[in-house]
Amino acid sequence: MRLLTKLLAFFRRDFAIQSSYRSAFVLELAETLFAAASFYYLSKFIDGPAIQAALPAGRSYFAFALVGVAFFDYMNVALNAFDQALEEARRTGTLEALLVTDTSLPVILAGSAIYPFVYESVRTGIYLVWGVLLFRFPVSQANWPGALVVLLASILAFAGLGILSASYLLLFMRGNPAKWLLLGASGVLGGMMYPISVLPPALQVLSRLLPVTYSLEGLRAALLDGAGFAALWPSISALAVFALVLLPLSFVAFSWSLRRTKINGTLSHS
Amino acid sequence: MAGNAIVVENIEKFFPPALSGWRAFFSPFARPTFRALAAISLQVAPGESFAIVGANGAGKSTLLRILTTLLLPTRGRATVDGCDVVRDPAAARRALGFHSGADAGFHPRLTAAQNLRFYATLRDLTSRQIEARISATASLLGLSEALPRQVRTLSSGTVQRLSLARAVIHSPRVLLLDEPTRSLDPLAAAEFRSFLRKDLISHDGATLLFASHSLAEVESLADRVALFDAGHLLFCGTPAEMRRAVGAQSLEEAMSLLIAHALNAREA
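Those protein sequence lines, which keep their order, are chains A and B. Those letters in the first sequence? Residues 1 to 270, by the working numbering. Those letters in the second sequence? Residues 1 to 268, by the working numbering.
Derived by calculation from the structure, the hints in this document are not laboratory data. Keep in mind it's a predicted model, so treat the numbers as computed, not measured. Please note: incorrect hints may appear among the correct ones.
These stretches of chain A come out as covered by chain B in the derived footprint (C-beta under 8 Å, 3 or more residues) [claimed, not checked]: (1) 14-26; (2) 93-107.
From chain A, some residues computed to sit far from chain B (all C-beta separations above 10 Å) [stated by the list, open to error]: (3) Tyr41; (4) Leu152; (5) Ile196; (6) Ile263; (7) Leu267.
Some chain B residues well away from chain A (every beta-carbon gap over 10 Å; in silico) [said to hold, decoys possible]: (8) Asn4; (9) Ser41; (10) Gln43; (11) Ala91; (12) Arg94; (13) Ala102; (14) Arg123; (15) Asp124; (16) Arg133; (17) Ser183; (18) Asp185; (19) Ala189; (20) His213; (21) Glu219.
Where a beta carbon is used, it is the ideal one built from N, C-alpha and C, also for glycine.
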């Protein structure tokens with residue numbers, strides 16, 4: 001109960017801060033509409049036999065790209081949420097104030113990430129709503145529970161990467177260059193805008209090392225094909241393995257970085 | 001040792017050297033060679049008000065940060081309310097309230113009340129306790145009118161009072177304050193000292209350890225005082241004992257003489 005109350009306090013804090021920027025939310029709504037419209041008209045322009053041959057039967061390029069773009073942002077959020085929370089806490093001087101309360105580090109990290117993920121979920125929902133209402137995005141056969149499980153597994157796997165990135169930032173007081181490499185590689189190899197089957201075989205092997213590949217595959221299968229849990233299992237299990245490895249590793253790395261900053265006296269440096 | 005609110009035993013703290021360029025990139029792994037505290041030992045009894053004085057860089061804030069668990073000591077041991085700050089930091093943090101002396105540390109776009117509610121929740125107070133404590137503390141610290149205002153619109157002195165309110169909102173058994181009245185006007189500073197003395201120490205029985213550059217504040221608030229110089233503890237006793245030790249008329253004079261003696265001794 002105490003844990004939930006604390007996590008809720010972080011969410012309320014971040015919601016109140018974001019609500020103070022009133023116009024930003026409206027502009028974000030408009031931005032999702034423009035993005036959905038762009039993919040719709042792009043798909044009308046480029047949808048042809050070659051693209052249909054590369055996509056699984058029955059999928060339109062618009063639906064494929066919209067799912068890719070909408071859900072790729074979860075990876076963006078995961079890799080940036082912890083970094084931004086840490087930078088903001090250092091900039092405002094709230095990091096020390098948080099760390100002298102009797103709130104454990106995992107709770108502080110989890111609490112700081114709740115709002116960005118909830119906000120991203122709302123944003124993704126709006127993407128899909130625009131797609132359904134205005135551009136005939138197909139949802140009639142979607143397996144929503146399956147998509148939710150894939151999404152939760154994706155968030156856990158991505159969060160591990162995000163906490164690892166924040167560990168680097170905490171220790172070195174500058175952004176993690178590997179984060180940008182990972183985001184770039186995921187954008188190219190993860191199947192966001194095109195199926196990975198169009199990549200050369202060597203790059204297809206590399207794409208299998210990225211959690212976002214399994215995430216987008218699973219989400220497309222659940223949302224566009226209505227795939228059951230048995231068909232989604234390869235994606236879910238791969239993401240679970242990423243989460244099981246990355247989350248404990250990231251907590252160990254963050255605890256170690258925090259200990260180093262307490263030894264060096266650089267906790268509040270930015 | 002048993003029964004003391006704060007115990008510091010042979011605490012030493014070394015920091016790594018400040019590096020720049022590529023060497024700075026690897027600074028987290030540099031050997032700590034700069035000594036900030038040298039085998040400091042002191043005890044503070046429950047309900048006692050204890051001051052640390054000394055020039056800038058003497059090690060006052062370093063000791064306070066070790067006690068708050070924001071820094072790890074290189075050697076030695078310290079406890080807060082009986083809890084070891086290295087082995088059981090969570091329990092030590094539960095017992096303490098801390099004010100860093102800075103007029104920062106708040107979310108500028110949240111109101112003062114929203115900020116206090118957030119930190120009070122992290123201190124495990126219930127909603128009812130939070131509202132009661134915010135109201136009482138704000139009233140005592142003259143913050144009532146500031147509560148509905150965003151922190152970014154508050155003056156430096158008001159933010160500092162807000163930081164003091166945050167430090168005491170959960171009625172801590174041990175209060176650690178780093179220059180508690182630095183940005184306060186003389187009237188507000190006097191009121192705050194009275195609040196500390198009457199409400200927190202006499203009424204609630206809290207223990208106070210504070211660092212200050214204001215020797216008048218030390219005279220009016222501290223039962224005992226420790227003088228730090230370049231990481232060394234030069235003197236520990238009552239303000240009157242400190243004056244008598246060197247035959248000084250004032251604490252300021254006593255402090256100057258003790259530091260000069262220490263410097264002469266080191267040079268000899």
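Structure-based check of all given hints:
Evaluation of the coverage hint for the stretch 14-26 of chain A: fulfilled, as 4 residues show C-beta separations to chain B shorter than 8 Å, against a requirement of three. Taking a C-beta to C-beta cut-off of 8 Å, the stretch 93-107 of chain A contributes 11 residues in contact with chain B, enough for the three needed, and the coverage statement holds. No beta-carbon of chain B comes within 10 Å of the beta-carbon of Tyr41 of chain A; the shortest separation is about 38 Å. Residue-level check passed: Leu152 of chain A sits 26 Å from the nearest beta carbon of chain B, beyond 10 Å.
No Cβ of chain B comes within 10 Å of the Cβ of Ile196 of chain A; the nearest lies about 36 Å off, and the non-interface call holds. Annotated as non-interface, Ile263 of chain A brings its C-beta within 10 Å of a C-beta of chain B; the closest such distance is 5 Å. The claim that Leu267 of chain A is not at the interface with chain B is violated, since a C-beta of that chain comes within 10 Å of its own (minimum 6 Å). At roughly 21 Å, the least C-beta separation between Asn4 of chain B and chain A is larger than 10 Å, which holds for a residue marked as non-interface.
With a least CB separation of 21 Å from chain A, Ser41 of chain B remains clear of the 10 Å interface cut-off, as annotated. Here Gln43 of chain B stays apart from chain A, with its beta-carbon at least about 22 Å from theirs, past the 10 Å limit. The beta carbon of Ala91 of chain B is not kept farther than 10 Å from every beta carbon of chain A, the shortest such distance being approximately 8 Å. At roughly 4 Å from the closest C-beta of chain A, the C-beta of Arg94 of chain B falls inside 10 Å, breaking its exclusion from the interface.
Not every beta carbon of chain A lies more than 10 Å from that of Ala102 of chain B, the smallest distance being close to 6 Å; the non-interface claim is violated. In this structure Arg123 of chain B is not separated from chain A by more than 10 Å, as the shortest Cβ-Cβ distance comes to only about 6 Å. Not every CB of chain A is more than 10 Å from the CB of Asp124 of chain B (nearest about 6 Å), against its label as outside the interface. Remark: the non-interface label on Arg133 of chain B is consistent with the geometry, its nearest Cβ contact in chain A lying 14 Å away (cut-off 10 Å).
No Cβ of chain A comes within 10 Å of the Cβ of Ser183 of chain B; the nearest lies about 14 Å off, and the non-interface call holds. No Cβ of chain A comes within 10 Å of the Cβ of Asp185 of chain B; the nearest lies about 22 Å off, and the non-interface call holds. Listed as a non-interface residue, Ala189 of chain B keeps its Cβ farther than 10 Å from every Cβ of chain A; the least gap is roughly 22 Å. With a least CB separation of 20 Å from chain A, His213 of chain B remains clear of the 10 Å interface cut-off, as annotated.
With a least CB separation of 28 Å from chain A, Glu219 of chain B remains clear of the 10 Å interface cut-off, as annotated.
Of the numbered hints listed earlier, those contradicted by the structure are 6, 7, 11, 12, 13, 14 and 15.
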